[in-house]
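S.K.: Single-letter residue listing:
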Amino acid sequence: MSDASAASSAGDASAATATRGEAMVEVREVHKVFGQGEGATHVLRGVDLTVGRGSVTVVLGPSGSGKSTLLRCINELEDITGGSIRVDGELMGYRLDDKGVLHRLHPKVVAQQRSRIGMVFQRFHLFPHMTALENVMEAPVQVRGMSKAVARRRALELLDRVGLSDRVNRYPAQLSGGQQQRVAIARALAMDPELMLFDEPTSALDPELVGEVLAVMKDLARSGMTMIVVTHEIGFAREVADHVVFIDEGVIVEEGTPAEVIDAPQEVRTRDFLSHVL
Amino acid sequence: MSAPSQDTHDVVPNPIHARPVPRPGRWVSAVVLLVLAAMAVNALITNPRFRWDLVWLYLRDVVVIRGVMWTLVLTFGSMVIAIALAVALAVMRRSDNPVMRSFSWFYIWFFRGTPIYTQLVFWGLLSVLYPRLSLGIPFGPEFFTFTTRDVITAFWAALFGLALNEAAYLAEIVRAGLTSVDTGQTEAAKALGMKDRTILRRVVLPQAMRVIVPPTGNETISMLKTTSLVLAVPFTLDLTYATNAIGNRTFQPIPLLMIAALWYLLITSILMIGQHFLERYYGRGFGTTPSGGGGGPGGRFGRRRRKPSKQDLIRASGTTRQDPFLEVTP
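Those protein sequences? They're chains A and B, same order as listed. So in the numbering used here, spot 199 of the first sequence is number 199, and the numbers just go up one at a time. So in the numbering used here, spot 17 of the second sequence is number 17, and the numbers just go up one at a time.
Hints in this document: simulated from the structure, not taken from any laboratory. The structure presented is a predicted model; accordingly, all values stated were derived computationally and were not measured. Cβ coordinates follow ideal geometry from the N, Cα and C atoms, glycine included. Keep in mind that the hints are not guaranteed to be accurate.
No farther apart than 25 Å at their CA atoms in a straight line, the calculated lysine-lysine pairs in the DSS-like style are these [to be verified]:
1) K310/B - K148/A
2) K148/A - K108/A
3) K148/A - K195/B
4) K108/A - K195/B
Just the calculated beta-carbon pair ranges, DEER-fashion [unchecked claim]:
5) A84/B - E157/A: 35 to 45 Å
6) I16/B - T41/A: 52 to 62 Å
7) R28/A - G184/B: 27 to 37 Å
8) F103/B - Q112/A: 24 to 34 Å
9) Y281/B - G145/A: 25 to 35 Å
10) H42/A - G184/B: 16 to 26 Å
11) T41/A - W109/B: 42 to 52 Å
12) E142/B - H42/A: 50 to 60 Å
13) F103/B - L96/A: 28 to 38 Å
14) G145/A - W156/B: 34 to 44 Å
15) E90/A - R197/B: 19 to 29 Å
16) E267/A - Y281/B: 51 to 61 Å
When you get a sec, could you build the whole thing from the sequences and use the hints?
M.R.: So, in structure tokens, the structure goes:
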């Protein structure tokens, strides 16, 4: 309550810029190597990225460039090999003690950290044995211990927000791809995440279904959610992104505003990629 | 409006009336088999030494019925214990902990690698091998001790002997089931902050049931007949032992063998009916393909049944692999 009044007294515009300046995600010198020895592949080669609170960052890059891996590392679905990732100032996956020694966090604590980050997958990954409503209710009930009645009410609100209030009792197999992805977004939002990660959320959809998912994401961005979106939808990036990052071969080649990166790219590789996508 | 379009589907203007390909081999083989079957039936009915009158008399004997009951208790009791053990073993087999993994591997290796008969004899002899059992720290103090024969009676030895053996087979079935669930399911659950145990219970196991349940039904039918080996313990109340005992006492082994066979057949038939419904529910249908598109009214689910079963929906989502070899235990 005091936070809200302080923010409003400072004036809406300045409050927004103040919170925007604060870093929500800090990726520092992150390396990720899959495998060991001969067959090892160095997917991320020293990635630095800062995502401001309430901002939308779009990550572009050719397939195999490491953009999905970066998202998965932020959510600790993959261990990083080197560097550090902080979300909301908190080191992900590890604890640094007073003597500067790194300790791995207990899986329970890791699960807690994950529960504050929402993730939307390319192939939705809805739970097929649960209805749309049950999918959205599942995590709040099982992870947060929320009562079913409260979880149900919130799930209905969220499904209404993604425009699916008439489909709440359908199973995923009875929904179109676009509808499934919107349920997946609602499912992630049900945990009240402070950060949302989107891993090519529209790549598995038929072209005519892409719009409905992007509309939900735009709405979410407007509400002030911090988002990192891996996508090939240049139009979406131009319209919604505050920050665009172009990754190739495990390093950030170029970053800046959409106007800088998409409309006036400086690097040859960025220009090359955009000429293929646009 | 849709009626005329359907009519054009139903009425073919130029139907084909062709003669079928002659298949004399079919007729010949069918006749040969029918003759052989008739000979077998004739041999069963006309041979007086089968003593069908005695079969009918002892079929409802108290001792026989009690044997059926004990056989059923052993079958279902050991299956329940085995299923619980098997889930634990399968989860251990997938654990990050190498000791857990090795233990599970060793258990399966040992109990599948030795005959069930040998194992049952061993459990029966446990009280000879270890007359006293005690709970304590290895090479250290003992907390309490009891006489083996008082605690592990023939029944418990038989029940656990069957269960421990069956668990090894079921563990592989459960593991195949767990492996068949798309890893994306686990990832999505992890991303929501769910703990491993919650993920297993709420997300993976319910989907793995599609692969686990049908072969488990099969194992139950198999277990029914495996219980006939408990005389190795020796446990002497089950159907096979009871009928053998009467057969030896009355010098009529053949009719009593027939009785045992008839009872096993009857129970198996009932289990097979259950198995049939289980399989239909958990869907062996390899024909259905996963689809990203919507199943609106009149879609794939509209035709056969009004409401698709939950299993149909899981199958249609394509999150469990449609690999028939997953269900085969070596």
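S.K.: Does the hinted range 35 to 45 Å hold for A84/B and E157/A at CB?
M.R.: At 40 Å between Cβs, range holds.
S.K.: Take a look at whether the Cβ-Cβ distance between F103/B and Q112/A falls inside 24 to 34 Å.
M.R.: Because 30 Å falls inside the window, the suggested range holds.
S.K.: Taking the beta carbons of E267/A and Y281/B, is their distance inside 51 to 61 Å?
M.R.: 57 Å, holds
S.K.: Within 16 to 26 Å: is that where the Cβ-Cβ distance between H42/A and G184/B falls?
M.R.: Taking Cβ atoms as reference, H42/A and G184/B lie about 25 Å apart, which means the hint holds.
S.K.: Per the hint of 27 to 37 Å, is the separation of the Cβ atoms of R28/A and G184/B within bounds?
M.R.: Once the Cβ atoms are compared, 29 Å apart, the range 27 to 37 Å for G184/B and R28/A holds.
S.K.: Would you say the C-beta atoms of T41/A and W109/B sit inside 42 to 52 Å of each other?
M.R.: Given range 42 to 52 Å: violated, Cβ gap about 35 Å.
S.K.: Is the distance from the Cβ of E142/B to the Cβ of H42/A consistent with 50 to 60 Å?
M.R.: 57 Å, holds
S.K.: Indicate whether the distance between the beta carbons of F103/B and L96/A respects the range 28 to 38 Å.
M.R.: 36 Å, holds
S.K.: Against the range 52 to 62 Å, how does the distance between the Cβ atoms of I16/B and T41/A compare: consistent or not?
M.R.: Because 59 Å falls inside the window, the suggested range holds.
S.K.: Please test the hint of 25 to 35 Å on the beta carbon pair from Y281/B and G145/A.
M.R.: 32 Å, holds
S.K.: Just to be sure I understand the hint, the distance between the Cβ atoms of G145/A and W156/B should be within 34 to 44 Å; is that true here?
M.R.: 40 Å, holds
S.K.: Decide if the proposed pair is consistent with the structure: K310/B and K148/A, CA atoms, cutoff 25 Å inclusive.
M.R.: Roughly 21 Å separates the two Cα atoms, so the pair holds.
Violation of the numbered hints given earlier is confined to hint 11; every other hint is satisfied by the structure.
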